[in-house]
Amino acid sequence: MPAPTAGQRPRPHAQAPAEVPISEKAKALAQLLQQTLADLGPDIGGSLGEVVATVAPEHLPEVARRVKESPDLAGDLLWCLSLVDYQDRFEAVYHVYSTQKNHRFVLKAGVSQGEPHLPSVMSVWPGADWYEREAHDLFGVVFEGHPNLAPLLLYEGFEGYPGRRSYPFYDYQEW
Amino acid sequence: MTVREALLLAGQLLGLLTALVVVVLSLIWLERKALARFQNRMGPMRVGFHGLLQPVADALKLLVKEDLVPTWADRALFWSAPLMVFVPSFVVWVTIPLAKEVVIRNLEMGLFYIVAFSILPVVGLVLAGWSSANKYAMLGSLRSAAQLVSYEIPIVMAVIALVMVPESLNLVTIVEGQRTVPYAALQPLGLALFLLAGVAEVGRTPFDIYFAESEVVGGPFVEYSGAHWSVFFLVEYINTFVVGVLVALLFLGGWTFPLVPEAAWLGFLWVVAKTYLVVLVMFWLRGTLPRLRVDQLMSFGWQLLVPLSFANIVITGFYKFYRWPGWTLTLMSLALLLLAGWLVYRRQTRPAAATAEEMLARARAYRRREA
Amino acid sequence: MSGIGEVTVGPFRPERPLDTVEMMLNMGPQHPSTHGVFRMVLWIDGERIVDVEPHIGYLHRGSEKLCEGEIYSEIITLFDRLDYVSNFNNELVFCMAVEKLAAIQVPERAQYIRLILCELNRIASHLLFYGTFGLDAGAMTPILYGFRDREKVQSLFEAVSGARLMHNYFRIGGVKQDLPADFRDRMTWLLGELRRGVDECDRLLTFGEVFLARTRDVGNIDAQTAIGLGLTGPNLRATGVPYDVRRADPYLVYDRLEFDIPVGDRGDCWDRYYVRVQEMRQSLRILEQALGQLPEGPIMAPVRRILRPPKGEVVAHAENPRGDFGVYLVSDGTDKPYRVKVRPPSFCHLMALKHLLRDCYVADCVMVLGSLDVVLGEVDR
Chain S
1 MPAPTAGQRP RPHAQAPAEV PISEKAKALA QLLQQTLADL GPDIGGSLGE VVATVAPEHL
61 PEVARRVKES PDLAGDLLWC LSLVDYQDRF EAVYHVYSTQ KNHRFVLKAG VSQGEPHLPS
121 VMSVWPGADW YEREAHDLFG VVFEGHPNLA PLLLYEGFEG YPGRRSYPFY DYQEW
Chain P
176 MTVREALLLA GQLLGLLTAL VVVVLSLIWL ERKALARFQN RMGPMRVGFH GLLQPVADAL
236 KLLVKEDLVP TWADRALFWS APLMVFVPSF VVWVTIPLAK EVVIRNLEMG LFYIVAFSIL
296 PVVGLVLAGW SSANKYAMLG SLRSAAQLVS YEIPIVMAVI ALVMVPESLN LVTIVEGQRT
356 VPYAALQPLG LALFLLAGVA EVGRTPFDIY FAESEVVGGP FVEYSGAHWS VFFLVEYINT
416 FVVGVLVALL FLGGWTFPLV PEAAWLGFLW VVAKTYLVVL VMFWLRGTLP RLRVDQLMSF
476 GWQLLVPLSF ANIVITGFYK FYRWPGWTLT LMSLALLLLA GWLVYRRQTR PAAATAEEML
536 ARARAYRRRE A
Chain D
547 MSGIGEVTVG PFRPERPLDT VEMMLNMGPQ HPSTHGVFRM VLWIDGERIV DVEPHIGYLH
607 RGSEKLCEGE IYSEIITLFD RLDYVSNFNN ELVFCMAVEK LAAIQVPERA QYIRLILCEL
667 NRIASHLLFY GTFGLDAGAM TPILYGFRDR EKVQSLFEAV SGARLMHNYF RIGGVKQDLP
727 ADFRDRMTWL LGELRRGVDE CDRLLTFGEV FLARTRDVGN IDAQTAIGLG LTGPNLRATG
787 VPYDVRRADP YLVYDRLEFD IPVGDRGDCW DRYYVRVQEM RQSLRILEQA LGQLPEGPIM
847 APVRRILRPP KGEVVAHAEN PRGDFGVYLV SDGTDKPYRV KVRPPSFCHL MALKHLLRDC
907 YVADCVMVLG SLDVVLGEVD R
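Chains as they are written, first to last, in our numbering: chain S, 1 to 175; chain P, 176 to 546; chain D, 547 to 927.
Since the hints were made in silico from the structure, they are not lab data.
Built from N, CA and C at the ideal position, the CB exists for glycine as well.
Check each hint, because a few of them may be wrong.
Cβ-Cβ distance ranges computed for the label pairs, FRET-style [to be verified]:
(1) P:295 x D:711: 46 to 56 Å
(2) P:477 x D:770: 34 to 44 Å
(3) P:232 x D:841: 53 to 63 Å
(4) P:440 x D:709: 54 to 64 Å
(5) P:232 x D:711: 30 to 40 Å
Lysine-lysine pairs mimicking BS3-like chemistry, simulated, CA-CA at most 25 Å apart [unchecked claim]:
(6) S:108 x D:611
(7) P:310 x D:900
(8) S:27 x D:857
If we strip away everything but chain S, and leave its shape as in the complex, we get (with noise of 0.2 Å):
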């Protein structure tokens, strides 16, 4: 492709945000969730055509328990589960895809700076095993109810934690 001149350049993407009209598919899914979530309080939302429930963190094992065991929703895969560090709070963020029903949603559960603590998931979904014992590792969260917190992906002994966003990025330990 030849390079385009100056005249004829398209003009580049803008700020713009990128809207995604919201399917049917997923207008259902949230409102099953809702349903599903209704005496916890979920707050369902969404964003680039995944489906987000926010919920609180003691609710985490029985939310986890009822996505798993509700025939429509059939979460059984947990796909990721992520942290954020939002600077005030962590996010705690579990990607559930179900292969019986072949739909994705997305489980949020803020957790505050101090000292973070999340109870585990591990009881429904063995998969989230190691993602917490990394999340442990690099963000200092406590799983309650985790069997082996040790260190995953860093030495024992390994100072800090080096997947927050204070820890500083270009002072790194040798070893």
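For chain S, the structure is supplied; the task is to place chains P and D on it using the hints.
Using the frame of chain S, we list chains P and D on its own:
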């Protein structure tokens, strides 16, 4: 023994040692070239004509390499283990004839002597593994003990069934008895037993359980380097050659079949050619097959080879006792061999031959459901 | 069980000195068949495995953290280094995430180029698996067969991207440069060669007596456990679950192509192996169609050099050779991402090792690890 005799014997042994080293070098070259052929590549090409001098270069490299001893090793045992492996595989050559007159001492109990010595290396292997103070070496040496002792039985039994035919343990007599028909034709089962157990005895693929690069990282030799390691390497190839020679002599008719050359050197060439043929078959196995697991190796040995070798003795007994014609023994032997093959084939929970199609059929069924 | 220097053998009872004790065997990180720097601590009773504890992290480079300090276009190089046997697939996932976030439409030709390269990379990766799996089983020839054909794919990659291993070829909004002029001829030749090569590989190993003995009913896992542990890709499909992102959540132009998803039925090592062999054939089918449909046109969408996608978060995932590889990206509207989380399939596969190695032999442990086909680069990140 006069001084003259002693000197002659010493000269013969020295000549034997040199010959063995040359044979091993040639085997290494042959194996690398043969495997390269199986694998669509060239093998060594740079050192000498088509890499002929590559084994020499490798040997020199090994000799000048530093000989490391692990800190926790038992030094005396660690250094004597290669010797214990080497001596038995060397002394069996005293009675192996390469032609009618080309033999150092033609013992009346020659075959018994060879079989008796061939089990001794296991002591060296176990000591090597134990003295290395390494868990992989330990695991490998225990594997070698189990394997060598188990596979000695089919070998001995196959030999017993064989010597029933010429009624002699003298190797020259055995070979001379094959002028009309080689024992491979008489006892195909015996040949299969001897070759399989022999391959297991020298630890070549698919029975290389105790070196098992991908499991125990070289087994008993994992801590050895330099000259000591090269002794093990030497022994491995000498043993391979011994198995080849024995198959050539005991089953393929040695220097007598199918032509009986007048000159001794022609007979010698005959034997060497047959030996290399057998050794090439072993290389071929190595280029084709994966390795068995240790429990599968044991059950293959004890549940299949040992009963078969006893059956082999029984049918040979019938043949000898009732003086049946030779082809009856061949037929019985072949029948047993086929039976064994069928048993092995049946044991395996094999996927149906149509699995590839089945897999795709399942996939298509899923797609239809989805649509 | 966490420490290195703790008790290594079971309790010794002096009153019964001939009792056997368990031995601790440290497999890795320098063991030849741990496929990279992976360590597992085995407790063995003779040849039987009693317990296993996998240890990872030897290759941890902090890739996710590094992403937070790089502008978007530079991160592609970091993704190359995650799963270093299927680089194109990794680059693709990151590019897709940013494109989704910034609503960039990738031109059709670029999509086809990406698809072709990703599928070729899948074949290359599976051929590597084929070779190393054969080596784990103790066969020497498969690796040379596998590499013979992989080499042809690699030289095509070199012609296209200029690099053999770390391609850095995909860009946000398209690809770096157009295909070489003789691409179509080379591909036609390559497809024939690969078809022949895959058939030959299949004949060499698959239904061999010894190979079957080593792999059939070894390391079985049922679908339910596999899903619970987060297994994806060929390892999940071997248990009979036909989950493939290319079908379940089509990206690029996979919805225009005809292909099947091979599945196994027992979830043992042989199934995991054979699903991959069949996948190579399906990839060849996809490649043939994609090559026929490959349109002319631009290869790059108009994208700013220094991209500032809007605030928000996005998930993108694709079917890597190893499984469902995904990226969770949080943007705060600046030129660098706020948080990048990689979802590596091999991470979950290694987690399953403890379940797969129940009641196994030491030799099986090598086979099971080989059949999972993990790449430590993406496990440790």
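- Query: Which of the stated hints cannot be reconciled with the structure, identified by number in ascending sequence?
  - Reply: none
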